[in-house]
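Hints given; two lone chains; assemble the complex.
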Amino acid sequence: MRTATIEVRDLRKVYAGEVEAVKGIDFDVAAGEVFGLLGPNGAGKSTTIGMLTTTILPTGGSARLAGLDVVADPRGARAIASVVFQEPVVDGGLSGLDNLSLHARLWGIGPEQQRTRIAELVPAFGLQELIERPVDTYSGGQRRRLEIARALVSRPQVLFLDEPTVGLDARIRHELLDLIAGLRERFEMTILLSTHYLEEARQLCDRVAIMYEGSIVGLDAPARLLAELGEEILELRVQGDARATLARLRAQGIAAADAFAIGATVTVPLHGRPAGQALGALEEAAISPVGMATRAPTLDDVYLQLTGGPAAEAA
Amino acid sequence: MATTATGGAVIPIDSRTRGRARSTLLALAGRRARLTAGNPRQIAVPLLGPILLALVVAPALEKATGGLHSTVDYQSFVGVGAVGLVIPLSCIFAGLSVIVDRRAGAQRELLAAPVSRSQLVFGNLLVAVCLSALQAIVLVALTALRGGRFHVSGAGLAWALAAGLLFTVFMYGVAETLASRISKPEEYVGATPAVAILPFFFAGALYPISAMPGALTDIAKALPLTHALALLRYGLVDPHGQSLHAIWGAGNTTVEAWASLGVVALFALALTAISIRMFKRSAVG
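Order-wise, the sequence lines are chains H and F.
When the first sequence is numbered by this note's numbering, its final residue is 315 and no position is left out of the sequence of numbers.
When the second sequence is numbered by this note's numbering, its final residue is 600 and no position is left out of the sequence of numbers.
Just chain F, with the same shape it has in the complex (with noise of 0.2 Å):
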């Protein structure tokens, strides 16, 4: 390994690398960070939604259908499954961020800097993810004081946890890549429903995909959200783990389990990809 001598300590090159790596990373995520705490609203506005579904929406479906007929508790099941609302509605909020850096002019100073392009998303990808670790932990929270039923084990909240990181990365990639794409917040906003939200109406966050036409069960089986909320429920709410059956059917549920986070471990890495391409080829003229 290269070493280089600095005051009469011998430093070696790789670990000077890493070192610099991760303070420009903090730096970066940093900055981010005090943006997003000088606003308010990207914080607060997209737990309104997922919060209405899982104290109100929930509670008056489960009343008048009778919940979900299993030993799976219903509140819990939405409360669950409106964290399949509230990632990708915060990792879109992100994006948004990115083009206001863009059109404000600040990303121009961090174009500029001797840092690699990737660090730039990836700095943002970092507070993206705890910010959107923050929202689903209080969306969870709130479903248990309301009343909904958890099983939580240590196992299972690594499975959780590794669903749920992996989506946020995921989401986060699409967002930033439709950032790269589009050049204005008015059409980047109106791209909201598609990316955001109409797959929460598929991937069976507030009813089993068994329970839609077959045909929209295969689609739903093709979402990374759908195999995340699996995952998610998998680890918070149902050890047997139902949502990861109906997608795979098969009977061994570690399997069925790793073979889902593998889904989504691969859209995360794809979408990751993607969007660095993508950044690096809007940001550079």
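With the rest of the complex left out, here is chain H (with noise of 0.2 Å):
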């Protein structure tokens, strides 16, 4: 069994105001692993991230990277973590290469080391052409490459990557997927990437945690979570209520307690009953939908089910 380079334990964050952000959250990420966060906005990734990078203090519980504690020993936690943050953070009157190379010595990189880390670095990101250009002119992309090449001149064992495509274009996203899915290979390292893009999550990631109002309501590779919805759902569009739809459905024993309503649509996990089985029983029942659908389940119904399932039916 590999060995935690992440240990979290009932780690809590209370903002003022009693705002309850992360509510006593526990997983472990291994060595070399690539661990995904995933979540709506507010769900609490970011601010797990920040505990995690000690830009956040923790109101209880505690976080470790390769054992060390992120409150009582936040310089060692940091020095072998690197971040790249949701939001741009290079300095932008800088050019790209006085950004890498101030990273390298604030981590403390002797300059011999620094110079062949940032030869390697900015041809595999494609830089070439820029690196000695203030940063401001840069496009989005560029910058981002920019700043995980620079997360990566301190060879962390810990990268956290928050929200690392957000805002991007569809070809710069995919293009920065397959940087990051190359990093694990080219370099040895822990990876935490929190998204809410969950085509993202199950590309890159061995195991996520999904998590919802400040807690992990799943957590497992994304085959097996995606496992748990069975092999093929039912989506029926409903005219009016759709939670009451729900309701009929679980009420004549069509649909279990893992099937949800969001907006108009239904969905009914099947768990290998057949589909015709599925559309006698709503005749029986007198449900008329306007459409409805079988596929296979994607990662997004898992998502759903966990986190949009529950708020809809709150509310």
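These aren't lab readings, by the way, just hints derived from the structure by calculation.
Predicted model only: the values in this text are computed from it and were never measured.
Yeah, the Cβ is synthetic: ideal placement off N, Cα and C, and Gly gets one too.
Watch out, some of these pointers could steer you wrong.
[As the list claims (entries may be wrong)] Beta-carbon label-pair distances, calculated as ranges:
no., chain 1, residue 1, chain 2, residue 2, range
1, H, Gly60, F, Glu502, 43 to 49 Å
2, F, Cys445, H, Gln113, 38 to 44 Å
3, F, Gly420, H, Asn41, 15 to 21 Å
4, H, Glu87, F, Lys378, 55 to 61 Å
5, H, Thr3, F, Glu501, 35 to 41 Å
6, H, Val71, F, Leu341, 28 to 34 Å
7, F, Ile358, H, Gly32, 46 to 52 Å
8, H, Ala286, F, Gly420, 55 to 61 Å
9, H, Arg243, F, Arg418, 39 to 45 Å
10, F, Gly420, H, Gly182, 21 to 27 Å
11, F, Glu501, H, Ser215, 37 to 43 Å
[Unchecked claim] A short, non-exhaustive set of chain F residues, derived as facing chain H with CB atoms under 7 Å:
no., residue
12, Ala352
13, Arg423
14, Ile534
[What the hints assert, rightly or not] Some residues of chain H that are not near chain F, with every Cβ distance over 10 Å (derived):
no., residue
15, Pro88
16, Arg171
17, Leu198
18, Glu231
19, Gln252
20, Ala256
21, Ala275
As structure tokens, this is what we get:
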């Protein structure tokens, strides 16, 4: 069994005004693993990364990076980690090279190693033509590439990527995803990635934790999370109150507890029940959807079932 | 002392830690210096008002009022007094950079670096001190070129340098504290008249503090700028220490100079400590 590089135990954050952003979460990330934190805006992903990178002080619990407690030894924990933040944080007035060098010096990398690493990273991230230019002249995608390259100058044991592709267009997103996917092959590091793009998580992560309102509501490998919904789901578009329809489906035994309603759509995992049988049951129950389809479940369904479902039902 | 061996050489851990701290500080100061150099307005604008005072207003006032009626030349008196405006303005501009770092996001990368948070403050302070010194030298040099008379000795220069340095540290502490407390640049700029300009009129920059009503003189004596200006004048234009006598009323100029330096040092230490505390508090959520 691989040792945990990131250990999080009962980690909590309560902001002023009793706003409970993270409600006692637990997870481990093994050395070399790519771990995803998934969740809607406000789920507590960025606060969790903030606590792990020592820029937010936890209210309770503990977190360790390679055995270093983020509260007791924050500088030690920062020394083995790098972060790519959600918002661009490079110095626009400095050149790309200045930004890389500054990171190296702050992480205590000697001049010789600095030169070698920068010379290796610049072509790997396609920055050769830009590196001497002020970062203010870079496009959004070029900045992102520079930020990831900068985070790697210190060869971190742990790399945090906080929504690394947010705000980028589709083509640049795909380029970046390829880059990130290549990181684990080129560098031995543990990666914690937060995102609300499910495809991104499925593509990159060994395991994902789905966060909702400050808690982890699901944690497993994407394939295993998908398997929980079975091989086929029935999707119904209904007129009127979708939640009322869902309640009727449950009462008739057509839908189980993991079915959910979002907007005008009711999603029913079939769990091996033939679709025809389910449709027959709908007719018998006099439920007439305006549209219906069966399809294989996606990570979107897992995510919506764990996050959107409870929210919609509670509303 | 603990030691560690690297590649056959034994390096004392204390020296290694000190070397690392120095290198980090230089990296942070280098960053700030490059960003400042890329914004020439930050260098030139704080000088404009004080230069106008020293080169235009002082000669005109001297002509209109007959000067100080003492051995001290009024143009150099105001020229040095204008340093009391250039340093606060320069430090306030430097503090604005902290807000820009925070709002533009660059501060997050610095906070995630394995450096102590106080080093982030000291890196900026180092550049603020160098820039203020450069601006003060330009101001004094222009005053001299305009005809101001200076009396400079080695000891006098040391007093002036110590006073200028400590006052800059104090003012940067004020600026950094404000930058930690205020989130919007426009609100921060709104505080400039109160912290950078108002004390200038009470600290004897344009006239001796004894020329003001008694109550205002007492207020002036409590301002660090009054003590800093008295020391700058003692070092550069007034070897008899008339500004120091106006504060302390004692006979021994050296004792008065040490006392004033102590006051400025105390303010500098206090504001540096407060600014670091405020920065740490505001930077970490």
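Here is what the structure says about each hint:
| no. | hint | in the structure |
| --- | --- | --- |
| 1 | Gly60/H - Glu502/F: 43 to 49 Å | 34 Å, violated |
| 2 | Cys445/F - Gln113/H: 38 to 44 Å | 29 Å, violated |
| 3 | Gly420/F - Asn41/H: 15 to 21 Å | 18 Å, holds |
| 4 | Glu87/H - Lys378/F: 55 to 61 Å | 56 Å, holds |
| 5 | Thr3/H - Glu501/F: 35 to 41 Å | 51 Å, violated |
| 6 | Val71/H - Leu341/F: 28 to 34 Å | 29 Å, holds |
| 7 | Ile358/F - Gly32/H: 46 to 52 Å | 49 Å, holds |
| 8 | Ala286/H - Gly420/F: 55 to 61 Å | 57 Å, holds |
| 9 | Arg243/H - Arg418/F: 39 to 45 Å | 43 Å, holds |
| 10 | Gly420/F - Gly182/H: 21 to 27 Å | 26 Å, holds |
| 11 | Glu501/F - Ser215/H: 37 to 43 Å | 39 Å, holds |
| 12 | Ala352 | 9 Å, violated |
| 13 | Arg423 | 5 Å, holds |
| 14 | Ile534 | 37 Å, violated |
| 15 | Pro88 | 6 Å, violated |
| 16 | Arg171 | 24 Å, holds |
| 17 | Leu198 | 26 Å, holds |
| 18 | Glu231 | 43 Å, holds |
| 19 | Gln252 | 49 Å, holds |
| 20 | Ala256 | 41 Å, holds |
| 21 | Ala275 | 49 Å, holds |
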